[in-house]
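**Q** Sequence:
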Amino acid sequence: MNFSKILLLLTTGVSVVSFGITGCTTQQQDSEAGTQQPAVTVQQTDIPTPTTTTQPQERPGDVPYVPTPQPVVDAMLKVAKVGKNDVIYDLGSGDGRIVITAAQRYGTRGVGIDINPERIEEANQNAKTAGVTDRVKFVQQDLFNTNLSQATVVTLYLLPDINLKLRPKLFKELKPGTRIVSHAFDMGDWKPQQTLNVDGKTVYYWVIPDKIPSNLQ
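Residue 125 in the working numbering sits at position 129 of the sequence shown; the count goes up by one each step and never skips.
Derived from the structure by calculation, the hints contain no laboratory data.
Nothing here was measured: the structure is a model prediction, and the numbers come from that model.
Warning: the hint list may mix true and false statements.
[What the hints assert, rightly or not] In the DSS-like style, the derived pairs of lysine-lysine whose C-alpha atoms are separated by at most 27 Å in a straight line are: (1) K165 with K207; (2) K187 with K165; (3) K171 with K74; (4) K168 with K124; (5) K161 with K124; (6) K187 with K171; (7) K168 with K187; (8) K165 with K74; (9) K207 with K171; (10) K80 with K171; (11) K165 with K80; (12) K74 with K168; (13) K171 with K161; (14) K187 with K161; (15) K74 with K124; (16) K80 with K168; (17) K207 with K74; (18) K187 with K207; (19) K124 with K80; (20) K74 with K187.
[As the list claims (entries may be wrong)] Pairwise CB distance ranges (calculated): (21) Y61 with T125: 17 to 25 Å; (22) Y61 with K124: 16 to 24 Å; (23) P164 with R101: 30 to 38 Å; (24) N211 with G127: 43 to 51 Å.
Ideal Cβ positions, reconstructed from N, Cα and C, are used throughout, including at glycine.
Work out the full structure, taking the sequences as your base and the hints as a guide.
**A** The structure is reproduced here in C-alpha cells:
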C-alpha cells in the first residue's frame, strides 16, 4: 500500500449507519444487548511512568500521522461513556488530543502511547497548556510492546491490518467490560456493537466480552 493510498484511507471512511449516540454516564452499558458491563477499578499507581525525555525512534511508525478531527474525538469519548473513574489508553496518540479532551471534559485519567518522539513532545506541551498534566501521561513506546491491562477504554486510529494484528493482544490483556473505540477502521470479523457516522467519518465501538468467541481466538 503506497503512502498516498494510506492517507486516503485515513482521511475517509463512510458509514451507512446514522449518527446516534447516547448520553454520557459513568456506568458502562452495552446499548444493544442491554447488559451491564463489569466495573474495572484502577489505582493511580497503575498508570505508566510518563516520558520525561524522548529517545530516538526505535522503528518506523505503523501509520502516518493524521490527527482525528475534534468532532470525531468527541463522539468516540461519548459512545464509550468515559468518566472520571476510567483510564483511557490511546494507541498512536499523536498530539494527545483524545486523552487531553477526556481529562478536560470528564476528569478521565489517560495514557497516550506513541513511537514518535516529536509527537510525545507535542502532546506533553498540549497537556501542559490544557492544565491536565496531573491526569494525562504520554509514553514513547511501541504500542505492541505496551501492557494494556490497566485500561478501561482503548482508542485507536490506525489501519485495518494493524487493527487485526492488535486484536489478539486486546483480547489477551484487556479485562471483560473494557470498551474499544476505533476511528475509521473495524476489526474484521469481530463485529462492532455500534457503528456511528460523524461528519462523514466512521466510528466503531466494541466491548471486550467475558468469553472470546471461538472464531476470534
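**Q** Just to be careful, I want the Cα atoms of K168 and K187 compared with a cutoff of 27 Å; is the pair within it?
**A** Holds - the C-alpha atoms of K187 and K168 are around 18 Å apart, at most 27 Å.
**Q** Holds or violated: K171 with K161, Cα cutoff 27 Å?
**A** holds (19 Å)
**Q** Between K80 and K171, does the CA-CA distance stay at or below 27 Å?
**A** Distance of about 18 Å is within 27 Å: holds.
**Q** Determine whether the Cβ-Cβ distance between Y61 and K124 falls within the hinted range of 16 to 24 Å.
**A** Given range 16 to 24 Å: holds, Cβ gap about 20 Å.
**Q** Holds or violated: K74 with K124, Cα cutoff 27 Å?
**A** It holds: about 24 Å lies between the C-alpha atoms, which stays within 27 Å.
**Q** Quick one, are K161 and K124 close enough, alpha carbons at most 27 Å?
**A** This hinted pair is violated, its Cα atoms lying about 33 Å apart.
**Q** Can the restraint linking K124 and K80 be considered satisfied, given a maximum Cα separation of 27 Å?
**A** holds (19 Å)
**Q** Does K171 lie within 27 Å of K207 when you go C-alpha to C-alpha?
**A** The hint holds at about 10 Å.
**Q** So the hint says 17 to 25 Å: do the beta-carbon atoms of Y61 and T125 match that?
**A** Distance hint for Y61, T125 holds at roughly 19 Å.
**Q** Does K74 lie within 27 Å of K165 when you go C-alpha to C-alpha?
**A** holds (24 Å)
**Q** Take a quick look at whether K187 and K171 sit within 27 Å of each other, Cα to Cα.
**A** Holds: K187 and K171 sit about 18 Å apart, inside 27 Å.
**Q** Starting from K168, check that the Cα of K124 is at most 27 Å away, please.
**A** Distance of about 34 Å is beyond 27 Å: violated.
Comparing the model with each numbered hint stated earlier shows that hints 4, 5 do not hold.
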